[in-house]
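Participant: Next come the chains, spelled out residue by residue.
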Amino acid sequence: MPHKVNYEDYDYGDYYEYEDYDDYDYDVEDNGEAPTPASESKQETSKPRVWSCAICTYDNEEGISVCDICGVLRTPLVNNNSKTAGGICKDSGASIMAKSLFASLPPRTPKKAVVIQRQNDGSLMEEGNNCHKLGNTKGKFHEFHEAFSSHSRSKFNIAPFKFDVPSPDDLVSNGLHSSKTGSKGNFLDLKSSRVSSSVSEKNGSVTTRSSAKTSDIANALMPKDKQDSMDERNSLKNEVRASSRISDSSSLVMAKDRLGTIDEGNRSNHCTVDDSISSSVDGTESSSHTGNLTSNMKNMSLTAKSGNSTNVSARKTNSHTQYKPEKWMLPDKKGDRMTQLNLAIVGHVDSGKSTLSGRLLFLLGRITQKQMHKYEKEAKLQGKGSFAYAWALDESAEERERGITMTVAVAYFDSKNYHVVVLDSPGHKDFVPNMISGATQSDAAILVIDASVGSFEVGMNTAKGLTREHAQLIRSFGVDQLIVAVNKMDAVQYSKDRFDSIKVQLGTFLRSCGFKDASLTWIPLSALENQNLVTAPDDGRLLSWYKGPCLLDAIDSLRPPPREFSKPQLMPICDVLKSQHGQVSACGKLEAGALRSGLKVLVLPSGEVGTVHSIERDSQSCSIARAGDNIAVSLQGIDVSRVMSGGVLCHPDFPVAIATHLELKVLVLDFAPPILIGSQLECHIHHAKEAARIVKITSLLDTKTGKVTKKSPRCLTAKQSAIVEVALQEPVCVEEFSNCRALGRAFLRSSGRTIAVGIVTRIIEDQQ
Amino acid sequence: MRIVRKDLIPNGPGSVKMIPVDSDDLWFAYNLVAAGDSVLAVTVRKVVRQTKSGGKDAERVKLKLKIKVEALDYDKEGSALRISGKNILENEHVKIGAFHSLEIELHRPFVLTKDVWDSVALDTLHQASDSAATADLAVVLMQEGLANIFLVGRSMTITRSRIETSIPRKHGPAVARYESALNKFFDSVLHAFLKHVDFNVVRCAVIASPGFTKDQFHRYLLLEAERRQLRPIIANKSRIVIVHTSSGYKHSLREVLDASNVMNLIKETKAAQEVKVLKEFFNMLSNDPTRACYGPKHVEVAHERMAVQTLLITDDLFRNFEIATRKKYVDLVNSVKDSGGTAHIFSSMHVSGEQLGQLTGVAAILRFPLPDLEDIEM
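Protein chains in written order, with the working numbering: chain G, 1 to 768; chain F, 1001 to 1378.
For reference, chain G alone in the conformation it holds in the complex (with noise of 0.2 angstroms):
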């Protein structure tokens, strides 16, 4: 088609795509569940089915359930279509296509709709065809106009289900219930010159990918003239039905186009399912005086109420381009609050992290004098003196009593520039588990050495040390900058020379690691005899040759992390909390978006909705809580058993994947054992963890230009980068790498040990 020239590049480039919506369709019709739609996207590829009426002998379509020429019924009556007593079962489609997308809408849309169409069908139908019929005659007229050109672009887009693209809703709405040639070419003139400017902007914004221009368009249709809108709004809701079908058949084909790739058309589409949604709901009152508009809009609330059951598992694949972000969820220029910094405080067993947080919890005030001298008594009645500091955040029994840190510990302080967020993880080798889940959330993290002699060389060992595996963790989890702490400085002598021979040593292993030397800062102090935490040290000793920031300003001196804010909500729960009145707390870091009470969120993997109820941070209520808010959620109207960590809340209209199969790009660690096809191994990809299995070794890759240099290889070894697929035992909350960060890293282990992280880079579909 000739007017198609500017949309052609990706037209061509996802058409395979939509043979698997033709496959879908086809499976659908087999099952005799969806009707005409299907049948109708069949036309171009294979002949419809048909049914022949007892009484004039007709050739019917197989989807629909009455003889089109006498309106006799089809015996035996297959499709039990309550909605459709017309026979027409497009809008039955539509609801079944609709469950997905219009699941958490307001209902709106009726069925009236439906028998208007038929009675266009009728007067079109002299040859006796069904509503598919219409789709056809209409999809001539469009080549009748070119300025029609970007609609049809946007029905062959959708090819398969062009069956609405022009719907029977414009005839409806324009009264052409006779519709003749000549008046439809009118109103679709009409209209075309309108969305056909709308459609090719959309376009343009799509092939740049910019959702922000995206919605900008969105609210430039959002129309002043009542005629305007209401043709808009038509055409819209064409694109809203078709789109749905595709996001609903993309849903189930997942498995084939999860590649990353929802085709760009879909997302051009999905823009319009959103924007007209909202023109919809704004303009509903001010036009709902036209009555064949609220016709349409009763049409939609069919689609609605058929689609209310939340199927979780068949989820749809909306991509976040579309997604628009209410005002009050940008942060204000004004910056009424300082930022939250997530610190992650690593390190190997025993180097003083939980001691050095201690220290400056109290250094900042956040710990009483009172408060400390209990710790300090309760420490020395055992035996701990020096682990006083420790005992404001190893607060269990169990830690005190073993003296070290087991789950990572949240506690908060002031800086200058940041509301910080400190991270106390454990050291300890069987801790590493723990300490993953609890630090992946950090933007920022303080790697503490233990700088007395022979600790230090412990820590490097490559066997036992945590150092290694720490610093190596905290690149995988994003974290680009980096405190070295080199603790315990007064063990010796505030050395200047053990100070350089560490960071000489340490240095080298951490910029192999992909540490940047200019996001590295060393700081030697003593979190004991507190020397250089937050003020400059008074020792003469240290004084005598550092003259570089204390640990406080190196802090306040971090960057910002960038925040996701115009995404929509989503928060991996670290850690689910009880409440005495059955009130459910989901805490963890918001990734992305924003959350203030009232707003309803999916707790996923159980699939449930609940209710924002309050929002805490660091004990504190607050009203509104952005990306990056380390931040504790009590949720309504969900019980606690639906609420787990390793979970995740989001958006209902935008749920996470939840998959068992995924495809990993994988660095393996030094020195870590074989990986084989079968390996057993503990997957971490955010809170979540699950045992999982090496199914299969797609791919070696060169681990400096990423090419593929061997196909399906025995095992790998250390320090080698491979494509792996995975399987896990229980499902977990999953995205792809490059939709989402924070849920696109995953970690495996095995034996005790880290031995290959890695990133989501495809999630693949259970063949079931």
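What the hints contain is simulated information worked out from the structure, not anything from laboratory work.
None of the values given here were measured: they were computed from a predicted structure.
A virtual CB, placed ideally from N, CA and C, is assigned to each residue, including glycine.
Hints should not be assumed to be uniformly reliable.
[As the list claims (entries may be wrong)] Straight-line alpha carbon distances no greater than 30 angstroms define the calculated DSBU-like cross-link-like pairs of lysine-lysine that follow:
(1) F/Lys1279 x G/Lys696
(2) G/Lys696 x F/Lys1006
(3) G/Lys464 x F/Lys1328
[Said to hold, decoys possible] Where chain F lies over chain G, by a calculated footprint (3+ residues, C-beta under 8 angstroms):
(4) 356–366
(5) 396–410
(6) 423–431
With chain G held as given, fit chain F onto it using these hints.
Facilitator: Relative to the frame of chain G, chain F by itself:
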């Protein structure tokens, strides 16, 4: 398994009458019986008879049937083996050629007739009848918030219970909640423990976990036992062993069986040997990858060059319904043994066998390096 009567020629035809006595024996039976064999057992069949008045009368009749095996179905949890096939023993109620499913149950004798009793089948039979090598071990494998209870038998591992709860992080003043959640978790594990661990059957119970969860649970177990006067636990205090593992997932069971204090208890058993051999294989693979190989193709090539020192193979492969395939693997095992190597047949019901199964089911440690194996397509 009790062998009542044995009448067979090695590598020739014969029949064996046996009585399965524990659930492991059904597993052995499952491995012994192959398609094409015939099985004679007492069974119950619903027989429909025409009465004189012309009506129909159904009656359940206990009778002895001999069937030619067509399909096998093993139910691990329910301890049952169903064998279906065509009847070959003329009977007043059942015609020859009529289909029937025999259910082999514990303590019910059955007679298995095979055309060929190959070495692997004889081996299985020998193992099944050797009651000395039992290793019944109860393992509580846990980590904070997750616990699995396993029973490790002679030839299989059964997951009895899986408990999963969410345990909150310590949280400022709410640290009490962490403790209470942990206690609640221990309580549910204790319940499952009492329900599934019978000290009359198991030799010992193992509590395994990373970190200190195992010690915490052990303490909790003993305290609760004292408080609630749980006789079985108090009496068997000494039979509870604590082992360190790296995680609470099922595959860490390997580490449990590998731990020295458990190893001593189950030294002679198959499970322990399997774990040891598999570990050897992995060590070889990481230290000298050219001296270890896996996959049928690679192993076959290695065997042709007489390189196979130790052969690791799962019983899954022998259960193949194609007689030719089974024969191929039996021959492989025999010829490895003949050429001075050792062959270990792994039970696919154990963790180690499961893992080997995922590695295509067959692997080998080689006598000398074969670097060119790498280049052969798998």
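Participant: If a hint holds in the structure, say so; if it does not, say that too.
Facilitator: Status of the hints after comparison with the structure:
1. F/Lys1279 x G/Lys696: Roughly 21 angstroms between the alpha carbons, so the hint for F/Lys1279 and G/Lys696 holds.
2. G/Lys696 x F/Lys1006: violated (46 angstroms)
3. G/Lys464 x F/Lys1328: violated (45 angstroms)
4. 356–366: Not satisfied, violated; 0 residues make the cut.
5. 396–410: Since 10 is at least three, the answer is holds.
6. 423–431: Held - the segment 423–431 of chain G has 3 residues with a Cβ nearer than 8 angstroms to chain F, which meets the minimum of three.
Comparing the model with each earlier hint shows violations of hints 2, 3 and 4; every other hint is respected.
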